[in-house]
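Chains as they are written, first to last, in numbering that gives the first Met the number 0: chain A, 0 to 194; chain B, 0 to 532.
There may be inaccurate statements among the hints.
[Said to hold, decoys possible] Below, a list of computed lysine-lysine pairs in the DSS-like style, where the Cα atoms sit at most 30 Å apart:
| # | chain 1 | residue 1 | chain 2 | residue 2 |
| --- | --- | --- | --- | --- |
| 1 | A | K157 | B | K528 |
| 2 | B | K38 | A | K159 |
| 3 | A | K100 | B | K486 |
| 4 | A | K169 | B | K38 |
| 5 | A | K172 | B | K527 |
| 6 | A | K100 | B | K524 |
| 7 | A | K169 | B | K527 |
| 8 | A | K159 | B | K527 |
| 9 | B | K526 | A | K172 |
| 10 | B | K150 | B | K202 |
| 11 | A | K172 | B | K150 |
| 12 | B | K38 | A | K157 |
| 13 | B | K365 | A | K100 |
| 14 | A | K117 | B | K324 |
| 15 | A | K169 | B | K526 |
| 16 | B | K365 | A | K169 |
| 17 | A | K159 | B | K524 |
| 18 | B | K528 | A | K172 |
| 19 | B | K528 | A | K159 |
Worth flagging that the hints you see were computed from the coordinates, not collected in a lab.
What you are looking at is a predicted structure, and each value in this text was computed from that prediction instead of being measured.
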Amino acid sequence: MKLDIILAGVGGQGILSIATVLGYAAVESGLNLKQAEVHGMSQRGGDVQSHLRISDSTIYSDLVPMGEADIILSVEPMESLRYIPYLSTEGWLVTNTTPFKNIPNYPDLEELIAEVRKVPHHVAVDADGIARELDNSRGMNMVMAGAASLFMDMDFEKLKEGISYIFGRKGQKTVDMNIATLEAGRSFSEEHRSM
Amino acid sequence: MLLGDEAIAQGALDAGVSGFYAYPGTPSTEIMEYVQHSKQAAEADIHRTWSANEKTAVETALGMSYAGKRTMTTMKHVGLNVAADPFINSGITGAHGGIIVTVADDPSMHSSQNEQDSRIYGKFAMIPIFEPSNQQEAYHMCFSAFELSEKYQTPVMLRITTRIAHSRSGVMLSTPLEQNKLSLPKDKRQFVLLPAIARRRYKGLLEKQPLLEEEAYNSPYNQYIDGRDRSMGIIASGIAFNYVMENFSDGECPFPVLKLSQYPVPRAFIERMVDECDSILIAEEGMPVIEEMLRGILDRDTSIKGRISGELPRDGELNPGLLRKAMGMEARESSPAPEVIVPRPPALCPGCSHIDTYNAVNEAIKDVYGDGHVFSDIGCYTLGALPPFEAINSCVDMGASITMAKGAANAGLYPSAAVIGDSTFTHSGMTGLLDAIIENTNMVVFILDNSTTAMTGGQNSHATGRIHKICEGLGVHPDHIRSIMPKRNTHDQFVQIIKEELKYEGLSVIIPQRECVQTQLRRAKLKKKGDDK
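Okay, chain B solo, but in the shape it has when bound (with noise of 0.2 Å):
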């Protein structure tokens, strides 16, 4: 019994990988941490370190394919908007040994800002992309996408979407394949994008476009199921092939349907689809790509059905249900919830460090200047933006805080603060507070150091220990890097060199230290196991 997140991991491992490289990210972080707990992975000495962020991730990853062996990077969907340069000119200068690009988009937004499709990533950087419809798929798919990108040198996608990484089901395991031997690409400027290398080499990308749609309409991933019904036509891409056998008892679906797990679209399977049916349904799993495809600028046809005509929504992910209603077929009967319950949003824990920060940084900013001064960044402290701290006024991408605060404090906003975690500052955050140093900007910068990645579930920090010593030598002037334990006896003091900084006309950083309760508590009870060995 395996997750598709924990699939992909072993997929992977038997498939002859020797690196994993990755940043924690909801619903992706579970491979990785499969990676770490294997045992398999330890004994063949797999790497499998977290990253500082998806872009030195891939540009590693990218490292070791150069290097001749096999390698998978993982993320979740906004983590490849990090990655997008090293990812699109992965396409042009191709791979040596296989690389695998694996990228978990959260339709519904489940922990997530957006809810993006990385398939166009895909098209955009012009790379094969896999999509499993369940766990088994996910498993064997590492193995068909690693050769996939060694016989046409190329990057491979992986895209899963939360219901298929957060999912267990039955895998079963094929024989391990051995890791590739170190070997450097035959070509030793294959690497190399100056113009004239990169135009050469973007040609070859272009001309093995005609090959990956062949290799994708041969693919055992799609299948063309003939039905009895031609009057609809559907077309399935990954888990979305689920929602529509899940209406069909004996899972035999009266319509024809293409099942569609390759990408490029086989065009051959999409003609004989429109030749044959009266119209066509498009099920996909995040934004209408393959819809948009068929529709074109023109979108004349009125016979293709899907997210972008209405008959499914436009947004958030599918279900067997609204699969059902899109085919035609009549809802199951359900009753609705009751009205007397209400929404139980997250919270932060009871005890977390934030708690305190939240409250200091309320009464010495929000009580004195108001409500608007307070950028804020990716982790668990946006929780911060809830009742009853209404403490923050942003939460747009890793690092964002520091650079908006800078933005904001240069249109003349005072005060102007940023808060952001420990390890999304080592992310994202070190480069935009670079820029508030040169300029000495009259702004606030709160790290909340907590020794983790907590919202990820405590993966560790490459802050860990390191924040003063950064902050130093990037340039903030050590009389303004201030370190406070945020508890609440330690409040009053906490707010007192708040109000201190604000009234310095440059640049501070605070620095309110404490351990995450949950690591804390998981720290503890390792170590009662410990002692009762």
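Pulled out of the complex, with its shape left as it was, chain A reads as follows (with noise of 0.2 Å):
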């Protein structure tokens, strides 16, 4: 078993929390795990990516080789994009609709969207959105973390769990609201995947 995920976003997006869900889940299900991150300049509101690399045999790079991602999970559109040299001719592009502009010359919103519509393998999920009905404006992370998960070889509960690891010291309310935040955007990938 192998799967090599691309996370994308802008600084402060928080990228990091889904890294640290699967990556709990993934060392709970007795798998190795690589994680590079970027710390630096790069936070100050720059794009950033982490190479989340699991695996059942030795993971020697710490970077996912190009054409190799499994997943690109992403939590800006334009930032998906960005990263599609990685991705594998059979992987998945999983993106957050929501724009976030931080730059003058951001391209046209329906443009990117047909970009990420190119890919043939696609989930295009307003995160955001799906969030705030669920009154967990801060949970669009979450989202995006069970949109792509039906795209990886690992046990759905043990995703749960992990929710339960990081946001445990916040409380059960708290864990719960992550969990529904989860599954519903395991769900919206059945429903809406390109195939």
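If you follow the hints, you should be able to join the two separate chains into one complex; please do so.
Next up, the structure:
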């Protein structure tokens, strides 16, 4: 089993919380894990990515090789497209459709979504909208984790445990809310995956 | 699950370290941060306060080593330039208690001004270098490096690069060792580098070299892994080893591979590879250090491949794809990124005080005298070079804003201004300011006080609450030390202050003071957490 994920977003959007949940699930499933993060200057509103590699055998490189990613999981539509060279021909691009506009020349959103739809395997999800509907306005990341989970060869229950692990300190209510958010993301993918 | 940086911190803690000394710098910062959050470090009362700069850090570490205890000093690659003086000389003084100098290089310059390779410094100082290929090795190497340091009385460099520093992996921990007891060096002149003593010690350092090479030859971190296809042998140092192996699904490379993680380079391995293989590919993260050694100045051997001959790029970090190509394997299928995407450079945070400062600086200087008058420095405020501000004209090294502004003022530039952050000021700006004070140079120095080391994530700044007094103490005329809270509604007042100080023929210091929005937010969160309890 091998699962290579590129997590993408903008500095400050909190992609590392997704990495923590997935990483927890991987370790609890007895799998090997390597996770390369971006720290430093780019965290100030620049483009950031994290390489998450999960496998049942030895993982050598900390970086996902070009053309090998099974999933691009992006919390921002333009950022999802930046990493397409990493995506394998069979890989899934799973992206939030809510743009994060902190630059003056942000491209036309429709054009970006059109490019997303050109990727043979994709899911485009209004994660911010789904999170708001669930009264979990900060749950966008968990919607995305749920949406991408459908394409991971991992026990979904372990992901829920990952949520209990990171939100446990904030009480059972927060845990339940985020598990519901995760499930909503997964349901969306089940209904709207491109094929 | 530990970051490479965290594995090193935990490794040093478990290997009986008594003190860490560091100045923040990406990608090394998380080593000290981990220690500062470590219960184990608190219980054992390990020294873990930031130093003013890398030079003071290395010197203080050397003092702890003198007193017989184990110590680690950590910095980013360019930090070693600041600490070069004590670092190089520490090769000659040698160590008493074990001393590890951990240096995090940043190839591809993710958060740096250059991609210098610290292994060259290690070779320069003639000390052993460890270069881990993964987080587990990074952890173990702390034990090995302290042991080697004390066995040969030499500082040891632990060289990592961004992708080890900022990548997480599972790490198995070993049984912790006790700290050393306080003890003085047997030879009370060991650290006295008077020429006569230095000459003797230098001979000793030279005599150590073959022994250190033998240690590297026998090191468990260096392995000669034979392969059936001897048309090519591969020398893969540090993390580059992973990028080679990644391309073979069973982890079995058909080519002989020399995995190199401890220096000096053991010549016996190189000789074997040269004798047994038709060509040699050298994969190293950073500069072509080993490749240059093998080529020498005559460089007549066309069977050597690497960054110099072009099989691998001369600059930037490596990755599995680049190695794949260099090994003559077919590239994996992949599509280019669509053209619609645009770059998203980092930017100042909304509400950042630097925004207000640059708005005022631009109105008072750029809009009146034109572009080209403002020297700047290393920190978040370097982003003032980008649109919409385009307010600054230099960023060279820690502290260079003040000294460059002085040099330009000496050359006749008017106005000449410097913009420097509070932490950068106490790191390396104070001495330059003193130069300007002595001559009362006609220039304006802005010390942007956001009360933290913001760029690296908000570490404590030595300057907090001291800038005004430091400037006054150094000798800036009190009438020309001006403070202002940079905000939208103080803009006109700020511009007015700058204009007044530009009129003054002499040295002025203006201190825009407002806390970093990130640390302010964090404090508010902590307070809320406290209130909730």
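Results for each hint:
1. A:K157 to B:K528: Roughly 29 Å between the alpha carbons, so the hint for A:K157 and B:K528 holds.
2. B:K38 to A:K159: holds (29 Å)
3. A:K100 to B:K486: holds (24 Å)
4. A:K169 to B:K38: With a Cα-Cα distance of about 22 Å, the restraint between A:K169 and B:K38 holds, given a limit of 30 Å.
5. A:K172 to B:K527: holds (19 Å)
6. A:K100 to B:K524: Holds: A:K100 and B:K524 sit about 26 Å apart, inside 30 Å.
7. A:K169 to B:K527: At roughly 13 Å apart (the allowed maximum being 30 Å), B:K527 and A:K169 satisfy the hint.
8. A:K159 to B:K527: holds (27 Å)
9. B:K526 to A:K172: holds (22 Å)
10. B:K150 to B:K202: Roughly 17 Å separates the two Cα atoms, so the pair holds.
11. A:K172 to B:K150: violated (57 Å)
12. B:K38 to A:K157: It holds: about 29 Å lies between the C-alpha atoms, which stays within 30 Å.
13. B:K365 to A:K100: Judged against 30 Å, a Cα distance of about 28 Å means the pair holds.
14. A:K117 to B:K324: Answer holds: A:K117 to B:K324 is near 28 Å, not above 30 Å.
15. A:K169 to B:K526: holds (16 Å)
16. B:K365 to A:K169: Violated - the C-alpha atoms of A:K169 and B:K365 are around 50 Å apart, more than 30 Å.
17. A:K159 to B:K524: At roughly 26 Å apart (the allowed maximum being 30 Å), B:K524 and A:K159 satisfy the hint.
18. B:K528 to A:K172: OK: B:K528 and A:K172 at ~17 Å, within 30 Å.
19. B:K528 to A:K159: holds (25 Å)
Of the hints listed earlier, those the structure fails to meet are numbers 11, 16, in rising order.
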